[in-house]
Amino acid sequence: MGSGSQRSFIRRALVEPEPPPVASTDVLTSTRARLFGGAFNTMLTLLSALIMVTLAWPTLKFLFIDAVWTGSSRLDCLAETVGREVGACWPFVKAKFGQFVYGFYPESERWRVDLTHLLGAILLVPLLIPSIPSKGLNAILFFGVFPVVAFFLLVGGVFGLPHVETRVWGGLLVTLVISFTGIIFSLPLGVLLALGRRSEFPIVRAICIAFIEFWRGVPLITVLFFATYMLPFFLPASWRIDGLARVLIGVVLFAAAYMAEVVRGGLQAIPRGQFEGAMALGLGYWRMMGFVILPQSLRLVIPGIINSFIALFKDTTLVLIVAIFDLLGQLRAAFADPSWATPVTLFTGFAFAGMIYFAVSFGMSRYALFVERRLNTDRLR
Amino acid sequence: MTTQIQGALAQPTIAIYNRPRIRAVFYQLVLLATVLWLGYEFALNAKANLDAQKIASGFGFLDNTAGFAINQSLIPYDESDSYGRVFLVGLLNTLLVAGIGIVLATILGFFIGIARLSRNWLLARLAGGYVELIRNLPLLFQILFWYLAVLGPLPGPRQSLSLFGEIFLNNRGIIVPAPVASDEAGTVFAVFAASLIAIVAINFWARRLQIRKGRRVPLLGTSLAILIVPLLIALIATGFPIRFERPELRGFNFVGGLRLLPEFVALLVALTTYTAAFIAEVVRAGLLAVPRGQSEAAFALGLRRGLTLRLIVVPQALRVIVPPLTNQYLNLTKNSSLAVAVGYPDLFAVFAGTTLHQTGQAIEIIAITMAVYLAISLITSVLMNWYNAHIRIAGR
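Protein chains in written order, with the working numbering: chain A, 1 to 381; chain B, 1 to 396.
Please keep in mind that the hints were generated in silico from the structure rather than gathered at the bench.
Do not take every clue at face value.
Some chain A residues judged to face chain B by a derived CB distance under 10 Å, without partners named [to be verified]: (1) 34; (2) 35; (3) 37; (4) 47; (5) 51; (6) 71; (7) 73; (8) 74; (9) 75; (10) 198; (11) 216; (12) 314; (13) 320; (14) 321; (15) 349; (16) 360.
The C-beta atom is built at its ideal place from N, Cα and C for all residues, glycine as well.
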């Protein structure tokens, strides 16, 4: 090593102090500094503004300004007939609305679907609002009683309700049935798997790890194919499992594996002292988990659980590949109808379905954020 | 007195069925027996069902002739090839779309993730809007949107939309100029490889020089010079052996150039934009996970913004970013199986789709398909764990 005289990175003279930053407390100044401070920044601002305008304006124009609001056939949505540029063809959505929501559910029985949706909404809304009391009863009604009621209401065959085969179900109904079933079955199964993965019994742990990693390692679509084409081979020939039910089994197993990992995250976040305290009080394994550990860890991972629900809701679209026509499947079927074939039909359909998917997913993610914030303030106190 | 206490504290006798160890062994044996019994029942049922439907089991079908065409293949393939070959074609197509998708999604994702943290309010909002919109729409919805609504209504080859007269868009796909290399191209490639090695060596040497002597070498300019100058000389000396063949319209179709299937383009665009939104969130979380004090300390030491980012923030952020990033890569690879919805011939579409319907060998085919995806996942997680152990902050 030399004497150090070559070390040019050692500063030998003090730098002149910089002038203090300009006080920029008022909105106008700070906004200007943020948007137009420097040439590069100004360029970014202009570019962003350009992109926003070029995307937003045609969208607005298409959805509202140029849109056709009334009409009864494709002719009303053709530029030649209307005599101007044509945007969204809303009569198409209106004509196909029944198909989008109910699929081919018999028209005289559609009130059953409506009633199910209504019941679900009535039970779900108070569950989501923290200030409304008796959450326990509400949860039991929503997760325990409602599925049974909904099942008999939708399938029928009892109490004088005519039987409706699941083959004719479709649209939003199927989307919601699959998401909801996935949610209520994957959560308890996921909790069990997570507990198993954290168990001190080596065989239990190995089985749970294998199960979780298997389902997480394969795409959902292979799971759906597995459930549709492979599962019937594994069951006694006398069991005739409904096509929708097979898909539901696949979705539940798949979702449970992901749920298990979310719950495991919550279990790992609980300090050892909680386990030891519970054991010192003489609680057995299930009481310790049920009364002490799970209530805390599930609370911690509510945002994660809701995120899994969003993923599940989006993944329900995949069932169209095994010929079960959910909302997206019905949309695709509606595109094939020549009596509504116009240049704007595709965009109109995608805009409509997109708004539904976006509203539900975005709503859930905002709710997750809200819960997260609430939990955080709890912890700060 | 003491003996009395000792007597009271002595292990009480526990019934044999209440001893924790015995119980543990018992429960585990019950679980194991249940799992094994289920497996046995499944196997028995499968055998009975297959016999009843007269389906031959086993992997012999892989040697049978497939008899269907595949519209994109990286290796020579025709209808007389076997199902085994079909599997290979599909696997390569999956890897192709996943590989390109991963590269593009990473680039786009990093840009958007950084843009979301920009001090420029408008840019941050734009990036935020992109992430929210893309993440909240199902991927299959987006694939179908690109395929049906954007690429579907494109005009036929004769009315192709053209970009700079080089790239053509029509309903048969995107036609781009294809690179064509003649015999002398080998020299150019050799020169290029040599330049790359030289750049790595120089970087290595400069690093050591800086660590030992504290002297810095202008690396960027030197590296670029080493890369470009010999390459240009080689290209001129050999008379430009690599050129781009322009697609030309002849009759009703294009001749020359490289045609990208619309299915491929739709899938690639959807996978890239979708995964990029998730990668952007991963990147944002990673950058935010580096405490502010780190960059403030770097500023206090006199490092400029660029250097602070490169030397202080990014290396620390990468520790947080890399594991979830790999997860996103895996998701993209698994999601590429949605190709079946638009008919891009990936592993799932040609193997678990067409081959399954032709042969009826559901169990074997789905098992193979699942095994492939599982193998990709497991290999990636093993590599990931190794990498994680490698970059972990050494504990004291």
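Evaluated hints:
no. : hint : result
1   : 34   : holds (5 Å)
2   : 35   : holds (6 Å)
3   : 37   : holds (8 Å)
4   : 47   : holds (8 Å)
5   : 51   : holds (6 Å)
6   : 71   : violated (21 Å)
7   : 73   : violated (21 Å)
8   : 74   : violated (16 Å)
9   : 75   : violated (19 Å)
10  : 198  : violated (15 Å)
11  : 216  : holds (7 Å)
12  : 314  : holds (4 Å)
13  : 320  : holds (7 Å)
14  : 321  : holds (6 Å)
15  : 349  : holds (8 Å)
16  : 360  : holds (8 Å)
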